[in-house]
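From just these sequences and the hints, can you work out the full model?
Sequences listed follow chains A and B, in order.
Going by the numbering used here, the letters in the first sequence line up with residues -12 to 155, in that order.
Going by the numbering used here, the letters in the second sequence line up with residues 4 to 765, in that order.
Bear in mind the hints are in silico, worked out from the structure with no lab data behind them.
Keep in mind that this is a model prediction, so the values were computed, not measured.
We treat Cβ as the ideally placed atom computed from N, Cα and C, and that holds for glycine.
Errors might be hidden in some of the hints.
Unchecked claim - DEER-style ranges, computed between Cβ atoms:
| # | chain 1 | residue 1 | chain 2 | residue 2 | range |
| --- | --- | --- | --- | --- | --- |
| 1 | A | 141 | B | 608 | 51 to 59 Å |
| 2 | A | 146 | B | 504 | 52 to 60 Å |
| 3 | A | 141 | B | 85 | 52 to 60 Å |
| 4 | B | 242 | A | 146 | 47 to 55 Å |
| 5 | B | 23 | A | 68 | 32 to 40 Å |
| 6 | B | 44 | A | 60 | 22 to 30 Å |
| 7 | A | 141 | B | 349 | 25 to 33 Å |
What the hints assert, rightly or not - Listing some non-contacts, in silico: residues in chain B with all C-beta distances to chain A over 10 Å:
| # | residue |
| --- | --- |
| 8 | 86 |
| 9 | 111 |
| 10 | 171 |
| 11 | 232 |
| 12 | 239 |
| 13 | 374 |
| 14 | 557 |
| 15 | 561 |
| 16 | 620 |
| 17 | 659 |
| 18 | 697 |
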Amino acid sequence: MTLSMTEKPTKGSKTNFKDILFKWSEAQGLEVKVKGQWGRARVRPCFPHLSPMEYLSIVDIESKELVLVERMSDLDKCSSEALNRALEESKFMFKIIEILEIKDSFDLRTWRVKTTSGPRQFFTKLSDWPVVLSDNVIYIRDLYEDQYVIDDLNKVIGDGVKMLKALI
Amino acid sequence: MNLNNESKVSERLKQSDRLPESLRLMVGQGIIAYSMVDLSSRFNLVESWVVLTKNTIEYFLQFESTWERKTINISHVCSAKEIENLSNKRLEISDKSGELLLTLRYSLRQQRPMSLVVFLINEGIKLGFIGQVNKSPDCIYQEELLKPLAESAASENKSSKDVIWRLLTYLKPYRGQVALGGLGAACMTVLSLVPGLLTGYLIDDVIKPFQSGVITHKEGLYIFTLCIAALFGTHILREFFAWVRLKTMSIMGEFVARDLRDEVYEHMHGLSLSFFDKRQTGSLISRVSSDTDRIWDFVAFGIVEVSTSILLLFTLSGVLIYLDAPLGLMVSAPVPVLLWLIYRHGQKMQLLFLRAWRKWSDLTDCLSDTIPGIKVVKAFNKGQEEVSKFNQRNAVLLDEFNSIHKAWTSFWPVLMLLIRGLVVAVWFFGVPRVLEHVAAFNEGAQNAASIGLTPGVFISFVVFMTMFVQPIEVIGQMARMINRATSSAHRVFEVLDRSAEVVDTKKAIELKTLKGEIEFKNVTFTYDGVRPVLKNLSFKINPGEVIGLVGPSGSGKTTITNLISRFYDVTSGEITVDGYNLKELDTASFKSHLGVVLQDPFLFHGNILENIRYAKPDADLLDVIAAAKVANAHEFIMKLTNGYETIVGERGQSLSGGERQRVSIARAVLRNPKILILDEATSSVDTETEKKIQEALDRLVKGRTVFAIAHRLSTIASADRILVIKDGELVESGTHQELIDNPKGTYTKFVTLQTNLNKIGG
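Next comes the structure, spelled out in C-alpha cells:
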C-alpha cells in the first residue's frame, strides 16, 4: 500500500490529526492510517538528541514522508502510545548508569560500563570526545557508531566518573 | 580458523567469538554465514543468532539454558530489509503477502556481519537458495565484526613491553654502539660519585690529620694537590664519557630512526590502495616523520637516561649504606615512597593534561571551522560572535592550563622539601655523631675512628644527597616517556605489520614488449569477500582497440581499471595480458607498459619539466616538448614566464584544472604505454578545455589499447567498442551505433537521458 503525504510541514499551518491514527503491534511494528488506509510506517525524530519527542517524521516503508508530527499531544491517546512504543526503538541509545573504567591505550579509549540494557565494553578514538548537551546530559558515540547517553552526570556512579569529567 | 581474531572478539568486544557449538550441532553441516543478534525486542543485550544454510534462515534465541529455534525456508521469503535507527538496526524478513516472518534488532556493532547476512538472503531470494561464499562463516563473522576496530587502531592489543622489546631489536645492527654508549653512561655514573668521596677523603685524611699534626703542611699540600688532580681528572673523564654516551647514542638513534623511516616508507609503497583509502594522509605522514622522531628521542636519550638514573640511584644508596649503614638506610628507605609520590602526581597530571587537551581541541575546532569558512563568517557578519566564542573557549583553556601549573608548582616544592628534609635529618642525626667522633679523636681514644661519624663521611653524605633529586625526577617521568615512545612505535609497527595484498610470484614473468591484448575470463571481484562488485565478467580486447566503459556510479567500471592496473587481484577467474595470467607477470615490468590519466590529475611539487619527466626521468628535453605538444600543453606552458621550469606548487595548484590535465597527458605520452587508462579525464573541465584535452587524447590513444571511462557519452562515442556495465555485469557491448540501434537498451537510455540534460543545460 502506498500512502501519500497529507500535509506539508510549513510553519504555522496546523496539521489535522483527526484522520491520522497510529497503532503498534509486535508482529507488524508501527502502522499509520492516513486517508482511511492503514500501512506500515516508521518514525524518525528530526532532532533525536535536542528534542526527541517532537517533530517526528512518519515515513512509509519506502522512506517517503507521510506526515510530520510536531507534538505528541496533537495525537489521541492510543496513537500517542503507539508512537511512543515505536520511538523507543527509533531513538534507542544505550543508557549508561555506571562507569566502571575508562582507560586510554595507544589509539583507543576503552569504556567499561553498565547500561540499562546490560554490561558493555566499547571503544572510542582518543580524539573523539563525549558531547555535553545541556543539564549534564552526555552523549558518546563509539567506533561502531553505537550511541550512549548519560542522563545526568551527577547521578552516574563508578570509578570511571573522574576520568569522564576530564573528558568533557 | 583465525585464532587471533577469535580472541580479539571475545576479549575486546566481550561477545562470543563464534557460533556456539550446540547451535552448530542443531543446524548440522552446510552453515554458509551467521551473525550474532544482540538486542531483544525490549532492547536488552542478549545473545541470539541468525544462521544461513543453503535453504533456510535459522534464528536461535537463548531462553534460560536452552535455545528457542525458528526456521524459515528461503523460498517463503520475499524481502529482507534493514531499517536504520539511531543506535540500532531492525531486520524485517517478510513473506510474499508482506507479513513479517521475523524481526531482529541489533546494535550497530553487529551491523557489518548482519548486512552480509542480509545481502546473502536477498541474493538467495533471487536464486531460490543461498549461495556459497569463499570464506568460512567464522572468518566472515570475526573479520566483519573487528573491521572498524582494526581500521581505527594501530593497536593489536600488544603490551607496551612487547613493543619496547620489538623496538630494541632495531638496535641489533648497532650492538657495538649500544655497548659503547652503555659503557659511557655507566662510567659517567660511577665517576659522578668520585667528587663526593674525594671531599670526604680530603677532610678525613688530609685536613683532620694536618690539624692534629699527624701529617706535615708539605705532606698535606702534596696529598691535596693529588686530590685536586684526581678531581680534575675525574671531571675530564666524566665529561669524556658523557660525550661518548651522547654522541654514540644520538647518532645511533638517528640510524635507527632512518632504518625505521626507510622500512615504513618502502613498506607503504607495497601496500594495497585500500590501506590508504581507510587512513588519513596526515596520520600516515606522521608515522614516517614525527613518530620516528619520537622513537629517536627514546633510543638516543630515553633508554640511557632511565637506565643510568636507576643505576645512579642504586649506586648512591649502596655507597651511602657502605659509608654509614644507619644514615644510609635512613636516606635510602624513603626513596620508594618518593617514587610512589611522583607516580601519583604523574597520574594526576595525566588527568589534568587530558582536560587541557580536551579544551585545546575545542579551541582548535573553532579555528579550523572559521578560518577556512571566513567568507561565510564575513558574509553573515558573524565575526564578533566568532570572536566571543573563541575568547570564551580560550578563557576555559587558560583555566585548565592554570590548574596544571598550580598542580606541578605545588608538588615539586613539596617533594623538594621532603628531600631537603632528608638532608636536615642527615644533619640532625649526623652532626651529634660527628661531634662524638671529634671528641673521641681529641681525647686521643684508640678506637676513635670507629666512634661516631667522621666529618669527611658526613660531608660526603651531604654532597651525595644533592645527587638524589635528578634520578628520582627522571624515573618519575619514565612512564610518560615510555608511553610516548611505545605509542609512536605502535603506529609505525602497524604499517609494517600490514601485508601487501598484491604480491609477485617467485618466478614472475618479465615482459620486455607488450602487444596489449587483454582478456577477462569469468572474473569475479569482491572487496569484502562476500559482496561481488564484478560478477563473472568475460570480454576480450584486441591490441590497439579503444574501449569505452559506460555505466552508472558503483557499477564496477573503476574496479575493472583497478584490476587491469593490478591494484588488486581478482577473487576468481583470471585476467590475461598477451595470453599471460596477470598474476604471473612481474608487476614492475607490466606497469612500465601502463599509462593512466585520472579525473583529478595529480602533479607533484616541482616544475612542469619534472612532472612530465616523472614517467621517464631520462627523457630527452626534445621528447618532453614533443609530448607536451601532443598533449596540447606546449602552448600554455610557453606563456608562463619560466616555461617548462615553472614551479607548479603543491599538487599543481598554480595551474588550472585543464592545464594540470594536459600536463598529466603529456606525462602519459612520454611513457608511451601500450595500455592506457583514461578515468573520466575530461569530466571536470569547461567545454573549450575539454575540446583541447579531447584533441590531445585522440592523438594519445593511437596505437594503444585504451580503456576510457566517461560520464559524458560524447567523449567515448568514437570508441571502437563500448562495454556497458551494470551491477558488476556486462549488459551490452558494441559500437555506439550498434548500441543506440537497440531502443530498449541501457546505453540508449543513457544517451537519451544525457541528451535531455544537455537540452536543459542549454
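How the hints compare with the structure:
As the Cβ distance of residue 141/A to residue 608/B is approximately 54 Å, the hint placing it in 51 to 59 Å holds. Between residue 146/A and residue 504/B the beta carbons are some 43 Å apart, a value that contradicts the proposed interval 52 to 60 Å. At about 38 Å, the beta-carbon gap between residue 141/A and residue 85/B misses the expected band of 52 to 60 Å. Under the hint 47 to 55 Å, the C-beta atoms of residue 242/B and residue 146/A, about 49 Å apart, fit the expected range.
One distance hint, 32 to 40 Å for the beta-carbon pair residue 23/B and residue 68/A, holds here, with the actual separation near 38 Å. In this structure the hint that residue 44/B and residue 60/A lie 22 to 30 Å apart at CB holds, the actual value being about 27 Å. At roughly 29 Å, the beta carbons of residue 141/A and residue 349/B sit within the given window of 25 to 33 Å. Look at residue 86/B: its CB is around 6 Å from the nearest CB on chain A, not clear of 10 Å, so calling it non-interface is violated.
A cut-off of 10 Å between C-beta atoms contradicts the statement that residue 111/B is not in contact with chain A; the least separation is 5 Å. Separation of residue 171/B from chain A is adequate, the least Cβ-Cβ distance of about 18 Å exceeding the 10 Å criterion. Taking the minimum C-beta to C-beta distance to chain A, about 53 Å, the non-interface status of residue 232/B holds against the 10 Å cut. No beta-carbon of chain A is positioned within 10 Å of the beta-carbon of residue 239/B; the least distance is around 44 Å.
No beta-carbon of chain A comes within 10 Å of the beta-carbon of residue 374/B; the shortest separation is about 19 Å. Listed as outside the interface, residue 557/B is consistent with that label: its C-beta sits roughly 19 Å from the nearest C-beta of chain A, beyond the 10 Å cut-off. The Cβ of residue 561/B lies farther than 10 Å from every Cβ of chain A, with a closest approach of about 27 Å, so its non-interface assignment holds. Taking the minimum C-beta to C-beta distance to chain A, about 38 Å, the non-interface status of residue 620/B holds against the 10 Å cut.
Once the 10 Å rule is applied to beta carbons, residue 659/B is consistent with being away from chain A; the minimum gap is 36 Å. Chain A leaves residue 697/B outside its interface by the beta-carbon criterion, the shortest separation being 41 Å against a cut-off of 10 Å.
In summary, the structure is inconsistent with hints 2, 3, 8 and 9 from the numbered list given earlier, while agreeing with the others.
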